[in-house]
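Number of protein chains: 2
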Amino acid sequence: MVIHNPQEIERRSMEIIGEELARRLGGRPLDPLERPVIQRVIHTTADFDYLENLVFSEGAVEAGLAALQEGASILTDTEMAKAGINKSVLASLGGQVHCLMGEEETRRRAEAEGTTRAVASIERAADWQLPLVVAIGNAPTALLRLAELIEAGRMRPRLVIGVPVGFVNVLESKEAILRLPVPSIVARGRKGGSTVAAAICNALLYQLRR
Amino acid sequence: MVIHNPQEIERRSMEIIGEELARRLGGRPLDPLERPVIQRVIHTTADFDYLENLVFSEGAVEAGLAALQEGASILTDTEMAKAGINKSVLASLGGQVHCLMGEEETRRRAEAEGTTRAVASIERAADWQLPLVVAIGNAPTALLRLAELIEAGRMRPRLVIGVPVGFVNVLESKEAILRLPVPSIVARGRKGGSTVAAAICNALLYQLRR
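These protein sequences, in sequence, are chains R and X. For the first sequence, the working numbering begins at 225 and goes up steadily by one. For the second sequence, the working numbering begins at 225 and goes up steadily by one.
Treat the hints as calculated values from the structure; they're not laboratory data. Take every hint as true, because none was put in to throw you off.
Here are some chain R residues the structure puts well away from chain X; computed CB gaps all over 12 Å:
| no. | residue |
| --- | --- |
| 1 | G251 |
| 2 | P260 |
| 3 | L275 |
| 4 | E328 |
| 5 | E329 |
| 6 | A350 |
| 7 | R380 |
Stretches of chain R that chain X covers, calculated by requiring three or more beta carbons in the stretch to come under 8 Å of a beta carbon on chain X:
| no. | segment |
| --- | --- |
| 8 | 235-243 |
| 9 | 261-271 |
| 10 | 381-393 |
| 11 | 416-430 |
From the three backbone atoms N, C-alpha and C, an ideal C-beta is built for every residue, glycine too.
Chain R extracted, bound-state conformation (with noise of 0.2 Å):
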């Protein structure tokens, strides 16, 4: 039977990945908070392995909630992710999403340092010392470059979602932001992506819709 209401689609859609998540944890307890973002990126999966790939850091989900409610904005690596975010949402707590990967200031200072767009992003936003989510979905550099930067304490986000895909430095990229005292969602291993990060972005979100 073709369920048409989109509400009731994803209302059932919910039901049955919390019954497969039942299944699977066999009355191992998830975290309430960890709960709607784990079952939000498998609705826009489909795939069960984040439910042991994603990883959070001591209070994550309480440390993004709180920037998102005080207006933070969000930056991400990629149009994909900037275009899946709830923004209106977002602006009715204040905040905005920037990808500056498109843009000429981003071209023009990753020529000027000899280095890939994707960190002369994070480079241009550690500038602007503004409370911000970041959310990367796509480059490892970049989430590689965020963890420099907040070695160094150049940059203090309030929640790093750390979530790139592929096969190429992501392993490191997401090991190297577990490591630090930052707060922390991290797709461990290859698995992740654009929607992902959207995803995650917006379980967070939909708990402070108003």
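Fit chain X to the given chain R structure using the hints.
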């Protein structure tokens, strides 16, 4: 060791994917036209399930390449897929990407017909009578309506990329497309999404890059 050059990262990634595919295939050959599509989807998802999930109708890749070469446009159901499709290569061939989900006219039509915006988007596109590659990455109801319109002879897309993701209506919508004599690339099962839709479009476009 961290590789910084984006082209070199992509080259090395494709090499790793090729090696892992060879191991999984154990001598089984891949169609040379389908291989780049499979590789790019795995590159985008880091998920080797797509080696088994992706189903190509006979001549589907040729049909998509010919359509894009002749200037066909791409219709998609998500802003994320639209953001991810390489619009400069598409434009160099004469095509554009359309996503009608956010347009006022779509909202009006959905309301007037008591349907969803996803379904109304497809119906609007049926009125155009333009050569289209239709790439559905999110809404199975859009894919189901597309199948009905094709069956009724009201729409003849040059290629259907059917990769909605999720838990409700998704399997049915993909099987509905697979039953029709339309060129199609479908991700069987629950998986798919905007990044997969965009990756399949880009895998075709990159073979036509001038």
